[in-house]
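Undergrad: Sequence:
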Amino acid sequence: MALTPEMQALKDELLAMVQLKLPVDDPLVLDWLERAVNVLGKDQLDPNELWVYDSASDMLVKKKKH
1 MALTPEMQAL
11 KDELLAMVQL
21 KLPVDDPLVL
31 DWLERAVNVL
41 GKDQLDPNEL
51 WVYDSASDML
61 VKKKKH
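The sequence shown stops at residue 66 when you use full-length UniProt numbering, and every number in between is there.
Hints are computed from structural coordinates only; laboratory data are not their basis. Some hints here could point you the wrong way.
[Unchecked claim] Okay, the calculated beta carbon distance ranges per label pair: (1) Ala9 <-> Leu45: 14 to 22 Å; (2) Lys64 <-> Arg35: 12 to 20 Å; (3) Asp25 <-> Ala2: 26 to 34 Å; (4) Leu20 <-> Pro47: 16 to 24 Å; (5) Lys65 <-> Lys21: 28 to 36 Å; (6) Leu28 <-> Met59: 15 to 23 Å; (7) Glu34 <-> Pro5: 16 to 24 Å; (8) Pro27 <-> Lys65: 16 to 24 Å; (9) Lys21 <-> Lys62: 26 to 34 Å; (10) Gln8 <-> Pro47: 18 to 26 Å; (11) Pro23 <-> Asp46: 28 to 36 Å; (12) Asp58 <-> Met17: 13 to 21 Å; (13) Lys64 <-> Ala16: 13 to 21 Å.
Note that beta-carbon positions come from the ideal geometry of N, C-alpha and C, so glycine has one too.
Working from the sequences, and respecting the hints, build out all of it.
TA: Rendered as structure tokens:
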């Protein structure tokens, strides 16, 4: 399966973050996780929802789009 430009960008960013040895709770990593789950899951997601990182629960959670 060929990667879309969005997926390729996510892959490139992930490889760069691994090289930098960023901790899991780094804001760059958390932002990447949000974008990755929304790009990779966009075909399965309700169009009125998106995934965001909730620091209180330390989890990715579904939120309604405004």
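Undergrad: So, for every hint listed, does it hold in this structure?
TA: The hints, checked one at a time:
no.: 1; hint: Ala9 <-> Leu45: 14 to 22 Å; in the structure: 19 Å, holds
no.: 2; hint: Lys64 <-> Arg35: 12 to 20 Å; in the structure: 18 Å, holds
no.: 3; hint: Asp25 <-> Ala2: 26 to 34 Å; in the structure: 33 Å, holds
no.: 4; hint: Leu20 <-> Pro47: 16 to 24 Å; in the structure: 34 Å, violated
no.: 5; hint: Lys65 <-> Lys21: 28 to 36 Å; in the structure: 34 Å, holds
no.: 6; hint: Leu28 <-> Met59: 15 to 23 Å; in the structure: 18 Å, holds
no.: 7; hint: Glu34 <-> Pro5: 16 to 24 Å; in the structure: 18 Å, holds
no.: 8; hint: Pro27 <-> Lys65: 16 to 24 Å; in the structure: 22 Å, holds
no.: 9; hint: Lys21 <-> Lys62: 26 to 34 Å; in the structure: 30 Å, holds
no.: 10; hint: Gln8 <-> Pro47: 18 to 26 Å; in the structure: 24 Å, holds
no.: 11; hint: Pro23 <-> Asp46: 28 to 36 Å; in the structure: 32 Å, holds
no.: 12; hint: Asp58 <-> Met17: 13 to 21 Å; in the structure: 18 Å, holds
no.: 13; hint: Lys64 <-> Ala16: 13 to 21 Å; in the structure: 32 Å, violated
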